[in-house]
Amino acid sequence: MTVTTAGRETGAAEDGAGHPGRWGAAGLRSGRTRIAVLVVVSVVALLSFRTTAAADSSDAAAFRFFDGVRDWVDANRDVNPLFLYGVNYIRLGVRLLVDAVSAGLTGLGFAGLVAVAGALALVVAGWRAGLLAVTGFVAFAVLGLWAESVETLALTLSAVLIAVVLGVPLGVLAARVRWVGAALRPVLDVMQILPTFAYLAPMTLLFLIGSPAAVIATLIYAVPVTIRITELGIAGVAPTAVEAATAQGATRLQLLTGVRLPMARPTLVLAVNQTVMMALSMAVVTALIDAPGLGQNIIRALERVNVGAAFDAGLAIVIMAVVLDRVTTAASRRRPHSWRVAVPVLGAAAVVAALPIGDAVPRFSFAAPVNALTGWVELHWYDVTEWLKNTVSAILLNPLETTLTTTPWWLFTVLVLVAGLLMADWRSALIAAASAAGVNGLGLWQHAMQTLATVLVATVLTMLIGVWAGVLCARHDRLAVLTRPLLDAAQTMPSFVYLLPAVALFGASRFTAIVAAVIFAVPPVVRLVERGVRDVPATVVEAALSAGSTPRQLLWKVQLPMARGGLLLAANQGIVMVLAMVVVGGLVGAGALGYDVVAGFSQREDFGRGLAAGFAIVLLGVLLDRLTQGFHRSTKGSRQ
Amino acid sequence: MIEVERLWKVFGPRAERVPGSPLAALPRAELRDRLGCLVAVRDVSFQVAANEVFVVMGLSGSGKSTLVRCLTRLIEPTAGEVRIDGEAVRAMSAKRLRELRRHRVAMVFQHFGLLPHRQVLDNVAYGLEIQGAGRAQRHARAAEVLELVGLTGHERQLPEQLSGGMQQRVGLARALATDPEVLLFDEPFSALDPLIRRDMQAEVRRLHAEVGKTMVFITHDLAEALTLGDRIAVLRDGELVQVGTPEELVGAPADDYVADFVRDVPRADVLTLRWITRDAAEGEELEDTPLPQDTVIRDAVARVLRADRPVPVVDGDVRVGVVDAEQLLPALLGHRRQVPA
Numbered sequence: 001m002t003v004t005t006a007g008r009e010t011g012a013a014e015d016g017a018g019h020p021g022r023w024g025a026a027g028l029r030s031g032r033t034r035i036a037v038l039v040v041v042s043v044v045a046l047l048s049f050r051t052t053a054a055a056d057s058s059d060a061a062a063f064r065f066f067d068g069v070r071d072w073v074d075a076n077r078d079v080n081p082l083f084l085y086g087v088n089y090i091r092l093g094v095r096l097l098v099d100a101v102s103a104g105l106t107g108l109g110f111a112g113l114v115a116v117a118g119a120l121a122l123v124v125a126g127w128r129a130g131l132l133a134v135t136g137f138v139a140f141a142v143l144g145l146w147a148e149s150v151e152t153l154a155l156t157l158s159a160v161l162i163a164v165v166l167g168v169p170l171g172v173l174a175a176r177v178r179w180v181g182a183a184l185r186p187v188l189d190v191m192q193i194l195p196t197f198a199y200l201a202p203m204t205l206l207f208l209i210g211s212p213a214a215v216i217a218t219l220i221y222a223v224p225v226t227i228r229i230t231e232l233g234i235a236g237v238a239p240t241a242v243e244a245a246t247a248q249g250a251t252r253l254q255l256l257t258g259v260r261l262p263m264a265r266p267t268l269v270l271a272v273n274q275t276v277m278m279a280l281s282m283a284v285v286t287a288l289i290d291a292p293g294l295g296q297n298i299i300r301a302l303e304r305v306n307v308g309a310a311f312d313a314g315l316a317i318v319i320m321a322v323v324l325d326r327v328t329t330a331a332s333r334r335r336p337h338s339w340r341v342a343v344p345v346l347g348a349a350a351v352v353a354a355l356p357i358g359d360a361v362p363r364f365s366f367a368a369p370v371n372a373l374t375g376w377v378e379l380h381w382y383d384v385t386e387w388l389k390n391t392v393s394a395i396l397l398n399p400l401e402t403t404l405t406t407t408p409w410w411l412f413t414v415l416v417l418v419a420g421l422l423m424a425d426w427r428s429a430l431i432a433a434a435s436a437a438g439v440n441g442l443g444l445w446q447h448a449m450q451t452l453a454t455v456l457v458a459t460v461l462t463m464l465i466g467v468w469a470g471v472l473c474a475r476h477d478r479l480a481v482l483t484r485p486l487l488d489a490a491q492t493m494p495s496f497v498y499l500l501p502a503v504a505l506f507g508a509s510r511f512t513a514i515v516a517a518v519i520f521a522v523p524p525v526v527r528l529v530e531r532g533v534r535d536v537p538a539t540v541v542e543a544a545l546s547a548g549s550t551p552r553q554l555l556w557k558v559q560l561p562m563a564r565g566g567l568l569l570a571a572n573q574g575i576v577m578v579l580a581m582v583v584v585g586g587l588v589g590a591g592a593l594g595y596d597v598v599a600g601f602s603q604r605e606d607f608g609r610g611l612a613a614g615f616a617i618v619l620l621g622v623l624l625d626r627l628t629q630g631f632h633r634s635t636k637g638s639r640q
Numbered sequence: 001m002i003e004v005e006r007l008w009k010v011f012g013p014r015a016e017r018v019p020g021s022p023l024a025a026l027p028r029a030e031l032r033d034r035l036g037c038l039v040a041v042r043d044v045s046f047q048v049a050a051n052e053v054f055v056v057m058g059l060s061g062s063g064k065s066t067l068v069r070c071l072t073r074l075i076e077p078t079a080g081e082v083r084i085d086g087e088a089v090r091a092m093s094a095k096r097l098r099e100l101r102r103h104r105v106a107m108v109f110q111h112f113g114l115l116p117h118r119q120v121l122d123n124v125a126y127g128l129e130i131q132g133a134g135r136a137q138r139h140a141r142a143a144e145v146l147e148l149v150g151l152t153g154h155e156r157q158l159p160e161q162l163s164g165g166m167q168q169r170v171g172l173a174r175a176l177a178t179d180p181e182v183l184l185f186d187e188p189f190s191a192l193d194p195l196i197r198r199d200m201q202a203e204v205r206r207l208h209a210e211v212g213k214t215m216v217f218i219t220h221d222l223a224e225a226l227t228l229g230d231r232i233a234v235l236r237d238g239e240l241v242q243v244g245t246p247e248e249l250v251g252a253p254a255d256d257y258v259a260d261f262v263r264d265v266p267r268a269d270v271l272t273l274r275w276i277t278r279d280a281a282e283g284e285e286l287e288d289t290p291l292p293q294d295t296v297i298r299d300a301v302a303r304v305l306r307a308d309r310p311v312p313v314v315d316g317d318v319r320v321g322v323v324d325a326e327q328l329l330p331a332l333l334g335h336r337r338q339v340p341a
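Protein sequence lines correspond, in order, to chains X and C.
FYI, the numbering for the first sequence is 1 to 640, going by our numbering.
FYI, the numbering for the second sequence is 1 to 341, going by our numbering.
These are computed hints drawn from the structure, not numbers from a lab.
Here a beta-carbon is modelled for each residue, glycine too, at the ideal position from N, C-alpha and C.
Errors might be hidden in some of the hints.
Unchecked claim - So the derived list for chain C, only partly shown, Cβ under 10 Å to chain X, looks like this:
#1 PHE11
#2 ALA15
#3 GLN47
#4 ARG69
#5 LEU121
#6 GLY127
#7 GLU129
#8 GLY171
#9 TYR257
#10 VAL258
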């Protein structure tokens, strides 16, 4: 006992001497003191400045302003040159594209589309993918959702088409031209933290409801990924190959087409893959602004809390996601078949398309069994789910919500500023504080705080579960192998789908949104945590083990501290995803900002409030992202 | 063939203010600290004759890779001039420069720089392809050069399926495919195993004998430099320390740096008799048959040691001196042993 203590002390002393002010005890203590002081000051301030948490006015200046904007747009839509020659043409062009894609897909007929999808998958991604595509497409008809599936596919493909046409050149430019890259980076940063819901209202304002607005919203959601990954791919091309080609006298164009693009091919296909997944996820959500497709089925079912009816559509979306993901992933790993294979296969598909084959497949719906199951769960698990719901609400959600909603906005802003200064840098702190003030300016303070409370609770749960599962996966290889396909599948699923199990278990409530958000955000957190723990250098782990650490000591003293970067990144990712999902939870009873947005789409008099809620969500997202990302960055900096 | 005149390459902010100003006299470290500039090539001048193998040798960081890239402006020189066939390279338009790279100068790289998505044949044909040569024509030419470097039968493979040595043969074939006048080698064999490296050096010697190109060869390996080079330039901190034939370097190193470099070289393998002759003493009796003065010492050993009298050494018909065992032995034993003290 004495020996160990003595050893520890020497160790600590050496540490302090070796790295003054870095991991030394002094730095840690002062950090702790600062946080403690902050907490005490906050509590005192909160107690002394509590407000009554009066409900938000239904007629804030911001709402009137946005209503005014809407009225102006409505009045000038056919007069103002910006609309006449800009926006309206974009809408027309997108409408033509969607109609063309949709007509193309529908025109092939059931058998034709199945055959063509299978043939294309076979050519670019091999026979397994071809088989999967055929099975998946047949399943749409089996579920009785053929027409809706084709609509969703058409929306997704249209958006992906535009995203690739715009995004790949932009990505190449960003990689090759320094100022383009520098200019795009912050824009993409913001675009990527915007929750899906926030896009929709401005889109309807400009492009009215329907397919064009849906495609453009989907495009905005998906195109950052296209640009980012293209940029990565082009920037990652081996400089030696480029130099060799330059030394042989290749022109810039020849370098691009002969060296850079072909060498970046796997990454470019990956960019398409990610774009497709993002687009599909968003295309479903755009049902809220009246886009056709599977999303409509889900929304209609959710409104009636009919889980069974939503299940079929959800399943169809998952199948589509899996098919598209597998085909594009396989395509990025292998080279496409040569034309010798491609031509006969596609020819055969064309022949099938020309044959008069109807869609006479056996029908099967999961609605009845799923509803039976949900009913059974409600009946038998009611006590458990209700207890869980009430406990979390009573212990975490309600106190937090009360605290936040009774905090005056200026105090909250100041606290955000101070927290930002402590955890991140002054720029992040200023941006976060400005966002907080902006939320108040939008006249939705109470709702924003309710949403924030839900987000924080969901994030805490997500991190608890995610870190626990991630550490388990990092320490047990077999578990990791088993969970990997599960995590893969979870990450390819569109966000809407996650509402279903939550609604099935907990009905429509605030807690449902939390559960959905946790299910949605846990997989990436698990993944980042696992990678962070696994990335701890083997030599360090070996050294700790040879010093006689128990597995628990190894985890708490070596692996978790060293995986700090990964954990903080996971927290950042998790919180952004949770926010996106909590807002969607407005559809299933979570209320607050999410509900304001949805109401804004459906009721004309609530438009201004909905748009303001959309902006408030964006500001919340920026606030949370800046605080956590700044945190992440500042620790990275101090470690170097 | 290639003339390099007062060439400078300075990396860093406002690099062009350094050459030709008082700053140019400052040592490297001080320039880096004061201006944040790195001088990679400092006032280098040399000439390479047609069909010559010119080796630039130096340790890593001495600026040799930068120097060779300045020749075709893969790196833009800061000051000075490079002329190839009398034509100023720095004055060339982008188009003219491409012409130069396409037809007249080819380069072989340390890390090969092959295109991983193309078969060997298409890698070799790439240079012809971007010139706009037809498919049949460029494939025929590529097959031809692949045979020259001994890779027939591997045309349809991808680079990653070949060993390092074979990949560099592809790199060599690619450089030869356009039939350039000048071949630049940037440490082409440093990434290879020693045995393969020796094979490849033999390959380069053979190719030089067969196709007779002007070659500029960058290396940090003295043995490689001595085997391949007609002349060797030693570069230190971006400056030329000495330019000369292998025997000049070994026999008369310009300074301690070069001397240190060459001290482990077996002198008898590099030096010729010229370096060790003495004047004949008056009335000294000599062997009848003389040795030419450019005989490498090692080749003269048997003759001189077996002779009873000193052997005369001649330059053509003129006697330049004599040599006997006394002169020979220091050259044979002279270099320090390669064992750490």
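Should the hint that C/GLN47 touches chain X count as held when the rule is a Cβ pair under 10 Å?
violated, 22 Å
Is the shortest C-beta separation between C/LEU121 and chain X less than 10 Å?
With Cβ-Cβ at 15 Å, over 10 Å, it is violated.
Given C/PHE11 was flagged as interface, is its beta-carbon under 10 Å from a beta-carbon of chain X?
violated, 16 Å
Per-residue hint verdict: C/GLY127, partner chain X, C-beta under 10 Å
holds, 4 Å
Proposed interface contact between C/VAL258 and chain X, which counts if any beta carbon pair is under 10 Å:
violated, 30 Å
Minimum Cβ distance from C/ALA15 to chain X below 10 Å?
violated, 18 Å
Quick check on the hint: C/ARG69 CB to chain X CB, less than 10 Å?
holds, 8 Å
How about C/GLY171: closest beta carbon in chain X under 10 Å, or not?
Since the shortest Cβ distance to chain X is 8 Å, the answer is holds.
Would you check whether C/GLU129 satisfies its interface hint, that is, whether its CB is within less than 10 Å of any CB in chain X?
The hint holds - C/GLU129 has a Cβ within 10 Å of chain X, the shortest such distance being about 8 Å.
Given hint C/TYR257 near chain X, where the shortest CB pair must fall under 10 Å:
violated, 30 Å
The structure fails to meet hints 1, 2, 3, 5, 9, 10 from the earlier list, while all remaining hints are met.
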